[in-house]
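Student: Please model the complete structure; the sequences and the hints are all you need to start from.
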Amino acid sequence: MGKIPAAIGPYSVYREVGDLVFVSGQLPVDGNTGEFPSSEFESQIKQVMENMKLVLEEMGANFDQVVKTTCFLKDLNDFGVFNEVYGSYFGTEFPARSAFQVAKLPKDALVEIEFIVNKGA
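In my numbering, the protein residues as written are 3 to 123.
Just so you know, not all the hints are guaranteed correct.
[Unchecked claim] Using 30 Å as the maximum straight-line C-alpha spacing, the simulated DSSO-like pairs for lysine-lysine come out as follows:
#  : residue 1 : residue 2
1  : K5        : K48
2  : K48       : K106
3  : K106      : K55
4  : K55       : K121
5  : K48       : K121
6  : K5        : K76
7  : K55       : K109
8  : K48       : K70
9  : K48       : K109
10 : K76       : K106
11 : K5        : K109
12 : K70       : K121
13 : K70       : K109
14 : K76       : K48
15 : K70       : K5
16 : K55       : K5
17 : K121      : K5
18 : K5        : K106
19 : K76       : K55
20 : K70       : K55
21 : K109      : K76
22 : K70       : K106
If you are wondering where the hints come from, they were derived from the structure by calculation, not from laboratory data.
Tutor: Okay, here's the thing in structure tokens:
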């Protein structure tokens, strides 16, 4: 079984406020090894989504309860692959989402996603 990666700075992986849970940006770090699965974008977005799944499971939630995501990509040319992998984790109702291309991400990651969960949904 996977392990949620530890925060890489002075912040919480997530914070609960009533029914809402605010989850810090998830990098493509394998919680068991502390490393990226590879330098390829597809493997990194899959790892980020698996990390999201682990966080959701720990709080007793699922992808249907994710109400908002903010996505950071190093290169928007990867947006097609991003959408394919990202979309495969959700049911028919997707969360609200913002996506941005950024100059640099921590640990030189290619993708990072933060999200908000409504546990009461």
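Student: Check each numbered hint against the structure and report the violated ones by number, ascending.
Tutor: When the structure is compared with the hints, none of them turns out to be violated.
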